[in-house]
Amino acid sequence: MDYFPLNWGKPRATGDEHNWLATPGMAGAHARRADMSPTCYAPAGPTSHTSSPIVTGTSVVALKYKDGIMMATDCLASYGSLARFRDVERMVPVGNSTVVGASGDISDFQYIQHQLKDLEIDEYETPDGHHLGPENVFGYLHRVMYARRSKMDFLWNTLVVGGLQDGKKYLGCVDMRGVTYSASTIATGYGAYIAQPLLRKAVEGREDTLPEEEARKLLNKVMQVLFYRDARSLNKIQVTTVNASGVHISEPYSLPTEWGFAENIRGYGAAQN
Amino acid sequence: MVRSRCCTNSPSSFRNQYDNDISTFSPHGRLHQIEYALEAVKQGSACVGIKSDRFVVLVALQRQGGELASYQKKVVKLDGHMGISFAGLTSDARVLSNYLRSECMRHKMTFSRPLPTYRASHRYGSRPYGVGFLIAGHDAAGPHLYEFSPAGNCLDYVAHAIGSRAQSARTYLEKHVAEFATSSVADLIRHGLGALRETMPSDKDLTVENVAIAVVGVTENPSDEATIAAFPHMRKEDGFVAFHALSREEVDRHLKAHQQTAGTGAAAAGGDAPAAAAGEAMDTSE
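Same order as they appear, the protein sequences are chains A and B. According to the UniProt record's numbering, the first sequence holds residues 1 to 273 in order. According to the UniProt record's numbering, the second sequence holds residues 1 to 286 in order.
Think of the hints as simulated: they come from the structure by calculation, not from any bench. No incorrect hints appear here.
Examples of chain A residues lying across from chain B (beta carbon under 7 Å, computed):
(1) 128
(2) 129
(3) 130
(4) 135
(5) 136
(6) 139
(7) 140
(8) 143
Below, a list of computed lysine to aspartate or glutamate pairs in the EDC-like style, where the Cα atoms sit at most 20 Å apart:
(9) 108(B) - 135(A)
(10) 168(A) - 238(B)
(11) 108(B) - 166(A)
(12) 108(B) - 139(B)
(13) 73(B) - 147(B)
(14) 168(A) - 208(A)
(15) 108(B) - 128(A)
(16) 168(A) - 139(B)
(17) 168(A) - 212(A)
(18) 201(A) - 212(A)
(19) 108(B) - 122(A)
(20) 108(B) - 123(A)
(21) 204(B) - 67(B)
Where is the CB? At the ideal position from N, CA and C, for every residue including glycine.
Construct all of the structure, not just a fragment, from the sequences and the given hints.
In structure tokens form, the structure reads like this:
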């Protein structure tokens with residue numbers, strides 16, 4: 001069958017009915033529109049925009065510590081209220097000194113990952129001794145997000161970019177409207193309300209002295225709190241560390257949680273209270 | 001339509017048949033339109049570029065379009081860290097510099113970093129541009145000197161000269177190439193003037209009117225007093241000297257220094273050919 005809804009009902013050249021691989025823009029070979037729609041993956045037919053996110057990721061949290069930056073995300077992609085995909089990696093390395101984490105629509109993030117890959121390839125192809133650092137990647141993503149918002153065709157994400165730019169720690173955040181923000185602690189989604197106060201209290205003023213172990217403990221605690229309070233989160237998380245030796249994204253691991261207190265609450269516990 | 005073939009299959013006779021279009025190869029595998037564009041570069045007055053470990057220097061000859069006219073500006077700043085000198089059609093140079101300026105700005109806005117020198121690339125219109133550039137830039141990977149030719153080639157150089165009689169300048173540069181890497185800015189300029197002098201007829205000379213000098217790079221000791229005095233444009237935090245054309249007074253100072261060393265004919269410093277040999281080189285290449 002033709003999986004492209006926008007092709008249903010469209011006239012097709014005879015003999016082409018079984019060519020399910022044909023991309024919609026080229027399907028009607030005779031009808032080639034000169035003005036392509038805004039996004040490269042959309043067909044050259046009616047324009048399509050992401051008007052609401054479908055498969056989504058929740059908070060991203062990040063902080064600066066003594067040797068660099070650390071970022072954490074959970075491994076969940078929710079389909080509305082359904083915890084649909086539970087092994088999703090919402091952080092990607094770019095080059096060897098930057099990591100980009102995303103909350104929001106996962107398909108839009110996959111498109112962004114594709115763009116970042118192209119950037120990496122271009123940078124690799126040009127043998128002039130230059131490397132993309134977090135500030136460069138952040139500048140690029142800012143321009144992309146703002147350009148899309150100006151076309152009213154948003155990439156429904158809040159992106160967190162972190163890393164070391166010429167040895168200096170950098171953390172930045174850009175949202176679907178192209179609004180940017182840079183600080184020593186960043187948190188998106190629910191994290192902005194619940195995690196940010198915890199992060200700020202522990203990190204602000206101590207960016208250059210906070211040891212790695214303490215930073216890791218803090219992130220674990222923050223992700224645990226988010227799992228308790230954010231109904232669209234998971235306790236399976238990944239933590240990324242970016243320091244002088246590069247970008248290290250951990251394997252996913254589970255956080256321990258304690259639900260025993262619910263026993264004593266009427267309506268929640270097994271015992272009849 | 002039958003074309004009249006006037007004579008034998010000698011290379012010169014192919015020119016007229018295969019040179020009407022940029023995209024037509026000659027039987028000898030040549031694109032004559034590009035070669036003609038290269039000729040346009042050779043008609044322009046010379047410019048010289050030399051780089052050391054820290055700086056790039058451009059020295060250019062400014063032609064005067066007649067006694068009553070002004071001298072043609074030959075040095076164009078593209079961005080804080082990059083600039084060019086050119087030889088060839090001035091109007092094409094203007095079009096390309098505007099394009100390169102907007103490329104520099106676009107890259108800086110998107111990636112929050114100055115355009116790496118190597119990536120300033122040619123643009124093609126309906127014909128090749130009849131101008132060659134020497135691009136001088138300094139970025140995170142150090143100082144760079146590139147030549148852009150109408151052929152679309154971008155070549156990396158330690159020292160180079162393009163334009164009218166540039167071969168004589170290149171001969172001078174080849175003779176002194178071992179000195180450039182560790183030369184001071186003043187010495188680079190002195191060599192640039194020496195090389196440029198080679199391209200002039202013996203009855204003309206370098207003056208403060210017909211010479212343009214530009215400099216970009218990073219100083220070694222930005223806190224040193226002598227350095228601060230020598231480079232008023234220098235950024236004190238890191239010693240970065242933005243691309244800029246030297247003022248009239250500075251050009252004058254360098255010219256006088258050059259005339260002194262050239263005049264005494266000191267072997268080490270002013271080893272470049274004195275007027276006689278230079279004159280000889282001039283006359284044969286007309």
